[in-house]
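Hints given; two lone chains; assemble the complex.
First to last, the sequence lines map onto chains A and B.
For the first sequence, our numbering gives the first residue as 1, with consecutive numbering after it.
For the second sequence, our numbering gives the first residue as 1, with consecutive numbering after it.
No wet-lab data here; the hints were simulated from the structure.
All values derive from a computational prediction rather than experimental measurement.
A hint or two may mislead.
Claimed, not checked - Beyond 12 Å from chain A on every Cβ pair, some chain B residues (computed):
#1 Gly51
#2 Val135
#3 Arg216
#4 Leu439
#5 Gln495
#6 Ala589
#7 Thr593
#8 Phe624
#9 Lys644
#10 Thr654
#11 Leu750
#12 Met760
#13 Ala937
#14 Thr943
Unchecked claim - Residues on chain A that point at chain B, a partial pick, calculated with CB under 10 Å:
#15 Thr18
#16 Gly19
#17 Asp66
#18 Thr110
#19 Glu153
#20 Lys160
#21 Glu161
Backbone N, C-alpha and C fix where the C-beta goes; we use that ideal spot for every residue, glycine too.
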Amino acid sequence: MHDRALINVEVNIVPFSTGERRKRSRGDKRILELGSTIKSTFEPVVQTSLYPRSEIDIFVHVLQQDGGLLQASINASTLALISAGIPLHDFVCAVTGGVHSTAPMLDLTTLEENDIPHVTVAVMPKTKKVTLVTMETRLHVDRFGDIFKLACEAGQVIHKEMKRAVSERTQKLVTAMEMGPRVVPSADVGDRDAMIDDLNDY
Amino acid sequence: MVEITIRKRPRTDAVVTQRKFFKKTARGKVIKVIRERYLRNDVSCGIEHCGLCESGSEATLPASGAFDHELYPNGHLIVPDTNVFLSQMDLMESNSFNPHIVLLQTVMEEVRHRSLPLFNRLKGLVKAEDKNIWVFYNEYRSETAVIREEEETPNDRNDRGIRKATAWYNEHLSLARPPIRGKLQPPLPTAILLTDDVANRQKAEKDRIPCISIRRYVEGMKKSGLLLDLLSTAGEEIEPTKAVAARQVLYPAYLPMSTLLAGVKAGQLHQGHFNANQYNYLEGNVPAPAFSKPVLLVGREHMNRAVQGDIVAVEIFPESEWKAPADEVVDQEATLRNDDASDSEEEREDDEALAEQKLLAVEAAKRRAAERQPTGRVVGIIKRNWRSYVCHIDSTSLTSSNTTSLSQQTVFATPVSRLLPRIRLRTRQAPTLVGQKILVTIDRWLATSRYPEGHFVRALGKVETKEAEQESLLLEFDVPYRPFGKAILDCLPQQGDSWIVPPKSTTSPEWRDREDLRELLICSIDPPGCQDIDDALHARLLPNGNIEAGVHIADVSHFVLPDNPMDHEAAARGTTVYLVDKRIDMLPALLGTNLCSLRPHVERLAFSVIWELTPDAEIVNVRFTKSVIASKEAFTYEAAQLRKDDPNLNDDLTKGIRLLNSLAIKIKAARMAAGALNLASPEVKIQMDSPESSDPIDVEQKELLETNSLVEEFMLLANISVAKKIQETFPQTAVLRRHLPPPKTNFEKLQDILMKRKGMVLDVSSSGALAASLDKCLDPSEPAFNTLVRIMATRCMLSAEYFCSGSVSRDTFGHYGLASPIYTHFTSPIRRYADVLVHRQLSAAISYTTLHPSLHSKSHVERTLDVVNKRHRMAQMAGRASVEFFVGLALKARGEKQTVTEDAFVIRTFRNGLGVFVSKLGIEGLVMFKREIQFDADKYTITVPSDNGDTTISVFDKVTVRIEVEKDANTQRGKVKMTLVNPINSSAL
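The shape of chain B in the complex, shown without the other chains (with noise of 0.2 Å):
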């Protein structure tokens, strides 16, 4: 333990050992700040067996110098100044590269300050082992630090201190060895100036102190041609230290609200929700309703500071400067690595703004004349919406990971989402946060800022823990997952679980105008572990020789009653979202899985669509009807499918099922025939160890079987009935839901595609000459294909939402998907609101009750479907993330054993990649070259040069890919990363 001592100073040093400047804060206001400085002289040199430094066993360089140099035969150290780092480090890095290297206090403070990507590189540099560094402390040490005089700039300053520091170890090294009688006194080393600074060499060859340029210091060691390579050709004119200018505008400031509302309105503005690139960092689109593509920006300045999701008013440029979009991939992490997030005070056009001029520069050249597109600049903003975001911090952006340091630190925060830029955020507990999920808000974004600033909201967890993520998952869709609220729980019945249809009665309410189909042989055919049941069916033979088939849908509105506060919440949420492992119920589960759920052996209410069809499924009548049913049995598709296929059962139940099966193939084929898609989507299934552990072990594809088809086309035949019902009793206020047609410009693309790889047609005038065209496109080597096609061909349609029947014109009613001129949701109350809802018009259009007045309401409707329109949409999107998740979890579980590979297609082609698709597992993902290939944009096609022959990939070439998951060591997020390994391995490239 060192001893505890007082240490005084006269007032007169107070010259010296205070530091005085001033600075300028983030508002505008200057302060003056005095820094007490402690000098002393017990600061290390670092040189071993120094005779007058005290702590000589920590020391590092040899007492005799480094020898290696041919221009200093009597050994030497060098002292490198801060541009040395600032343009050099590559060379530093370098491994061949191990001078005896004095760090300097200044210079490291001076690179700090400069950039601080850069000190980590440093910091990195003084732990590395086989580096060679001392860190001296000049400025605390009494004869080497130096007071910033009059009229001198604090770079002047500095190299002053460099320079002295460098006089003084030479002088330290003559001390440290006092000659010894009758012993030879070997070669003093020397301490050499390393800088590029031409005046710094001129002031230090006055004062007789020895220096060299970088260039001609390698240049001279016995190594040199291959660092040579590594110098950095920058380095020769780096210019001093700025002074801190006014804050720069980087973007145009925006149009006030009433100029960006007259021009949107007059039509010389657009308005439209932003859409960043999930590929493309510097690039943007919003689709505007007066265009036919959607509008292009290009670069930071003209997407200014939308973000993703923000309705913005956009200017379009005269069509010469139209563009097309880009076809490179462009990674913010990778282009803007040295960015420094503590530049807050001055936001300079550094090199890596510059560097991204560049790559805008670079890649207008390369894009093609004959794709442009409507291109623009917001200049406004309409409506922000910002939310929270799940981040990672990323780490190198850190001043000091020191994790007792409470020092507040500006760092930036990394979206999980590639659509988002980096949040500038400032906290004070930033190194226990890396590594974490955090949840980051953006406060605002200044035209002088070239990123937006947040703050930390709250940590989620570590990274990659389940609950962590499943959290950010539901986060990051907006899914409202906290627990059921007291009021909500007082809204069900009092009797909890025990509660039970009670007896049949004249007098009791449930029982009031409610048909009594106890007696029908009604069974559910589910998925595997379904606890939600709200649908079940039964078919009879009627005497006439027609059918009779039922479908009952829980009857949800009897206990969820308009305008309390569990409807409010179950509106609020609007869905019941699917997670892998999880479930977050709109309602509560007592209703959800319980008196709602049409479980098997008990009563239960329900609302019953029952049709009579003649043997050809054609529609006799159909009425609707509030019942009470008792469901026989709950299939999964596969018992229903393996009942259905029994030859020896013959009961009255499977010959139901039998006679459902018989009369939805030839509904489907009506369907089929009046022209409904038959689309696909890369559904992929993760197999769980066991229920409770939760641990993906293996992905597989979703099965699909004939009870799935069966169940499916009596549901969209009940929801067409009702919703033709609802439609006739209120015209103006039915729930209903549509299908746009897409515009034909979507396909483009693809039929471009399609007739130059394959030479197949795509017919998109219609949904029928659609499907037609899809069956043709068959690849008899290649089964997949259709699928692949389907599943490209689905992603250029528009999705399916729901609307109120009186706002907008009848003709856009239909749902192009399921070629139907009218759709409603009616069959799944339990899990969507909007069938709550249709539930309420159906029992009021056959006047079981009246009608509740929002119901009446256009407005309220409307209001109420955007929320469930966006909900639903979030919700796919939190389950499909949810399965990617896990799907990154199997395959990690997978790539322990051995490395995965497997059979991609490729979908997409960039100048600098490849999109890939694994039907096996349903992912997407990039194959990345880091080598310069030749891209043939018109073809869609991409060539390697290799020795032996140049590889051809084109779209819908089946490749296979290797697959690993790899943390990226910044932001902790883990990544799915593909090499090619057939037909060429792109590891190396």
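Next up, chain A with everything else stripped away, as it sits in the complex (with noise of 0.2 Å):
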């Protein structure tokens, strides 16, 4: 990779993140496709070629579950990456989707999970882009389209919310480094990181 950054996902789960404690071994073929799927998620995003010849590599540990594992994954991901000030061209906010009888929901617990059909979709607001469509249940096509549609509109919910944590931690963080105006901190950020430039357009 000599011209771009390597992005290297590693998901670990603890046993009693789950009601049933299972011991999982390093190798389950969940775990790899679930850290394979949060990588080829972020792989367009991230902005890789400003790092040739390196590695950022994303640990994800999940203490405690109760459904929706992958979106929540993906969206501290996104959080912790733009924490570490990598630079990203967009945020990615992920949310799954589900269908009870005809009746769209958002953000299954584990329950509905088994349940219902359910699809996750990850999305980049602000681009209106989607990097990730996964379903492993059958859902019907004519129901497939009003949930990709109401899991793209809460993508941008997710976003809004992302947004105000990221801009309440610099702001925090600006403050404890008492550099600059205390109301105003986005200038001294600098223009180092894109992604907190864009906060200042709101």
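Structure (structure tokens):
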């Protein structure tokens, strides 16, 4: 990888995270798949070409889970990357959508995931691109459109919330470093961080 | 579209919002489950024009409440607790009971937990239009959600939740309508807790929550008289939800195999096939050679998880505990309607099981002491004979009927065969499987589980489509029906259908040692549309005044060589299976319907039996030879009959038929004199609309012509001659067929009925005596009576079987029904595998070929014949079931135009019904009486009391029944339902 950085994702699910304790081996295929899904979700988003001959590691530790494992991992990874100051083209906001009979639903719990067909969608809210759609159950094609659209909308909502959290945290950091004015912190964060730059528009 | 918002909660709320509980898995592991509960404030109360709740448009409860109760003049609505639904569902379902009900989620969940069938009824109730029920999700409304406290039982928690919700409703009602100035405040309705739990009522009164018991509530209603009858008394003392106990053992454990085998050997235990009783699922029997009557097994516990067809070991009780078989029809579905499929965690001695025991007890009291029969219990299974069973999903056992639901559900699969128990099944696709025929395999039957557990194999298709029914039929009777594989087809002649008998020459292998019979006037006589013609006949006068008669059978063994894939396949299939609209071949069609089929005007290889007979049909000599024939004509029975009867025809072929016929009559007479039986079985013919559509339009009885008997007699003669020959040549391994004389006890019941009802005597001392006494069973007013008796006598007999001559003693070779000392099957090698073996043996017996080593091995022949016997039996049953299905279809078609009523004979009487036989349609049915009737078991009579005199019906009485085909609502199984029309109408009974 002489021209860009390599993204490496490692997922670790602790045995006590679920109701039923189950020891998973390192080579558990489900976990490997989860890792590679996250990896391929972020590959087009992270500006890897800025870091040739380097590696970006994303470690996902699951401490407690009750559904929405993939979406939570992706959302957490987005925030972690931002917090680490890694330049991204956009946020990645993931959410699970499902359908009960004809009523669409969002953000399912394990109980719901086991019962109803669902699809996980990760969107890039600003560029309005979709970077991941994954589905392990069968879903009627007539329902898919509705749920997909709803999940994309939900991505926008999550984006707002993420942005709020990011700016709050940045503000805190800036205050802690006692640099620049307390009210408008953005100017000092500088143009190094493309993402934070974005925030200034809001 | 609802706006998407992210709801956040402080961590301190977790206590309220998380539901935590421990669950024990089926394997005994304990897991901790934490469920997030999303509490909200927008769960609607369901009251119209409520000022506080948002979605008032869907609300169904009027704001003023109901005024029809004398105790609550200000209007009221009721909040019933769980036990109300568990014990008073009939009241709730009543049309005249429709107060305004708030159904709490807590209550719904508890009902579901306690009984799925009741939950399903409750769901139906919620949907019903004439009921005013609002489902309030109290567990999700922040004000009414309750958390289980330390040391609190789940039951108490739920009760507290219900009280809290009731209190909330009362408060909510007052808040929702704040007083408006200048206007008179209308009286506020009250929400009343409806419960029979005294402790609960006391607690409610302490908290000043209005509450009332069901009885008092109903008494205060305007139409109370009607409703009070519906009140179940059980409601008064309902115990709280039981704690999950260890799984109870319902069945005694099996003895170890070594003990079983030792016990059987020592004679303490008895081994046999388990047969379930199709009329009474709580009863079964095991025929044991040590007893003249089969061993009776009464009750689930004593049947101890045996399934139809299993080989079991039974222990016999002391004679004082012997019982008589029940004379009542007990339907599993009716008795166990409310049994719960997903009850796997705790198999309780619940109401159903108790009801079942009660039933047994009641029945036991009614059993007659006279007909006691060895009674015992299953102590072990020698061999399971489980296979895949065709089933329907019982729709009431479903948790969720939502078609998109993918949740795993435990449901009941009801097998099509009445002989099998319901199978418990776990599936994720239950909703889509309802209304389909599915294949289910039993996996295991644990001692702790009332039902066997199985798994779904595949779906066969929608119920009542012909494809699904046909495939299910084949599967049910274990008929191999896959197309022939390549290895098998490779065994066919390479020329395919252009294969012909090569021109006559000494070098050609086909002509080696074959007689040229092409010049003989040979013809075949078969049913119309027959494609696999395997026999043909000829007869001619010899110069010495004797007659030469010949039977020519397709030379299948020339094509089907021993020990190749085609031979193995044919041995495994055993027989061709004839269904009404389909034939499942034993041999590939090229052989069966072409190369081996003795079609007219073409040369075919044959195996001939040629007799010289005196004009009195005495056999002078017989010879067997391989031959080449050319049939001159393929007649149908009818065409042959017409030709024979036409006085204008005098050609040689017609003369030949007449000659054969005259001989057949003499042979038959001789056979009858020797004591052969003339038995009857209900055979009907399905009339098809057209060959393509295969929609049956009607059913008629098969008609027998003289020519049927002609062919039959010569085939019997050929079989007997061949049997003698191969038995002489291969005394150790000859393939023969025998029919054992039935044990006399089989006839006891029929003799008794005949004696008591008609004063007739049935002499069963020998087949000849039986034939003679059957001939005397005549009722001048009822010509069909004789046939009926013959049918019933046939059922008392054993079935004929193939055997290997070296395996049984010489004196048991006889064929009881044909009254022949020796018999085999030689005449239909295209459709029966035993005949192929006989062909090979006969061919070796005349030194045409050498006998294949496998036919020298007694054990190999025995093994092969076991398979053939089983297949033969299954094929017969499949054929009968196919006819039954089509009769059902025809009835349905006929029933659409008008109601079908037919004459029927009573063949059995039960305590609560009649078994009837409709000879015109060849079907048997049950007429059930809902009301109690008088039953005289000794006289085989039932008496139906009515206002204008009692009506008595006995066995052999002629009645008129209305026949309908109705679908069972749960299983989708089409059932023939019969109701009595004459002498009395039973539809009201």
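With 10 Å as the cut and Cβ atoms as the points, is Glu161 of chain A at the interface with chain B? Check passed: Cβ of Glu161 of chain A comes within 5 Å of chain B, closer than 10 Å.
Is the nearest CB of chain A more than 12 Å from the CB of Ala589 of chain B? holds (40 Å)
Measuring Cβ to Cβ, find out whether Phe624 of chain B lies farther than 12 Å from everything in chain A. Correct as stated: the minimum Cβ-Cβ distance to chain A is 65 Å, above 12 Å.
Verify this label for me: Arg216 of chain B is non-interface relative to chain A, using a Cβ-Cβ cutoff of 12 Å. holds (40 Å)
A cut-off of 12 Å on Cβ-Cβ distance, and Thr593 of chain B was said to be off the interface with chain A. Does that hold? Non-interface label stands for Thr593 of chain B: nearest chain A Cβ at 44 Å, farther than 12 Å.
Holds or violated: is there a CB of chain B closer than 10 Å to the CB of Asp66 of chain A? Holds. Min distance 6 Å.
Is the Cβ of Met760 of chain B more than 12 Å away from each Cβ in chain A? holds (66 Å)
Does Glu153 of chain A meet its interface restraint, that is, does its C-beta lie within less than 10 Å of any C-beta in chain B? holds (6 Å)
Mind verifying the non-interface call on Leu750 of chain B? Its CB should be farther than 12 Å from each CB in chain A. holds (58 Å)
Outside-interface status for Thr943 of chain B - nearest CB in chain A farther than 12 Å: Given that every Cβ of chain A is farther than 12 Å from that of Thr943 of chain B, nearest at about 55 Å, it holds.
Looking at Ala937 of chain B again, its CB stays over 12 Å from all of chain A? holds (54 Å)
Hint Thr18 of chain A vs chain B: min CB-CB distance below 10 Å? Because about 9 Å separates Thr18 of chain A from the closest Cβ in chain B, which is inside the 10 Å limit, the hint holds.
Violated hints are absent here; each numbered hint is respected by the structure.
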